[in-house]
Amino acid sequence: MGDTLDGRTEFKRQLLKALPSLRAFAISLCGSHDRADDLTQECVMKAWSKQETFDLETNMKAWLFTILRNEFYSQMRKRGREIQDSDGVFTEQLAVHPSQYGALDLGDFKTALDKLPDDQKEAIILVCASGFSYEEAADICGCAIGTIKSRINRARNRLQELLTISGEADFGPDAEMSAVLRHSISA
Amino acid sequence: MRKTDVTSKTGQPSEIAITDPVSDGIALKLRELYSGFENEGIPDTLLMLLDKLDEAERAYGNREK
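Residue numbers (numbering that gives the first Met the number 0), protein chains in the order written: chain V, 0 to 186; chain G, 0 to 64.
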């Protein structure tokens with residue numbers, strides 16, 4: 000498609016539009032901003048080199064996520080598991096940029112997310128955060144829709160375990176109100 | 000096709016799903032985290048890379064003519 004100036008401009012426009020979400024996916028997957036930026040950069044270069052084969056009518060975001068995801072696993076295979084970031088990375092970042100992440104429990108959530116197996120982590124991120132359908136996520140990950148659903152369920156169960164929550168009432172927007180009410184009753 | 004359903008009913012693009020497991024506390028917290036990353040902005044190095052790729056391609060295209 001990129002054989003004309005208009006095609007190239009449109010390709011770049013769509014790529015720029017998808018970039019924030021693509022980078023967010025990379026950070027969520029890697030657990031490290033530095034590594035995510037390297038991964039995103041690699042993905043952009045690969046996508047640019049393949050733009051001739053990309054059809055502008057198709058889903059650019061899904062296409063980019065597929066490239067990034069494949070590059071992530073390729074790097075994992077090359078470098079081995081030891082490169083995966085430790086749980087302390089986010090805590091360290093939180094100390095530097097607290098305003099970016101909001102409440103502290105978001106840091107706890109990130110720490111728990113980082114502990115998930117990669118296949119479960121990518122599934123729950125793609126569907127619950129990136130906004131892809133189960134079908135799109137299955138295409139991106141190269142697996143069946145049922146596998147994606149299963150991975151998401153396991154990811155959710157594991158997150159609940161890690162966050163030691165007994166149910167939704169203890170987790171989310173109502174938690175603070177519940178605490179206030181409990182305090183009022185006991186006072 | 001969760002996202003499509005939500006969009007068609009409200010007329011507004013939305014990441015919020017009607018059904019579990021994509022609209023509960025864990026999903027909301029995950030989206031909050033993800034949105035934070037999205038809103039950080041794109042690092043200059045990435046934007047510069049795109050400009051360089053674009054420039055290189057234009058220069059190559061001009062040489063070909």
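Keep in mind that the hints were calculated from the coordinates and are not lab data.
For every residue, glycine included, the Cβ atom is placed at its ideal position computed from N, Cα and C.
Careful: at least some of the hints might be erroneous.
Simulated DEER-style distance windows between Cβ atoms [unchecked claim]: (1) V:Thr-146 x G:Tyr-59: 41 to 47 Å; (2) G:Thr-44 x V:Lys-16: 15 to 21 Å; (3) V:Lys-45 x G:Ala-58: 27 to 33 Å; (4) V:Glu-160 x G:Asp-53: 20 to 26 Å; (5) G:Asn-38 x V:Thr-52: 44 to 50 Å.
Check your understanding: Quick one: are Thr-44 (chain G) and Lys-16 (chain V) within 15 to 21 Å, going by C-beta?
Key -> For Thr-44 (chain G) and Lys-16 (chain V) the Cβ distance comes to about 19 Å; the hint holds.
Review point. Per the hint of 41 to 47 Å, is the separation of the Cβ atoms of Thr-146 (chain V) and Tyr-59 (chain G) within bounds?
Key: 42 Å, holds
Practice item. Evaluate the given range 44 to 50 Å for the C-beta pair formed by Asn-38 (chain G) and Thr-52 (chain V). Key: 32 Å, violated
Practice item. Can you let me know if the beta-carbon spacing of Glu-160 (chain V) and Asp-53 (chain G) is within 20 to 26 Å? Key: 47 Å, violated
Check your understanding: Lys-45 (chain V) and Ala-58 (chain G), beta-carbon distance inside 27 to 33 Å?
Key -> 21 Å, violated
The earlier numbered hints that this structure contradicts are 3, 4, 5.
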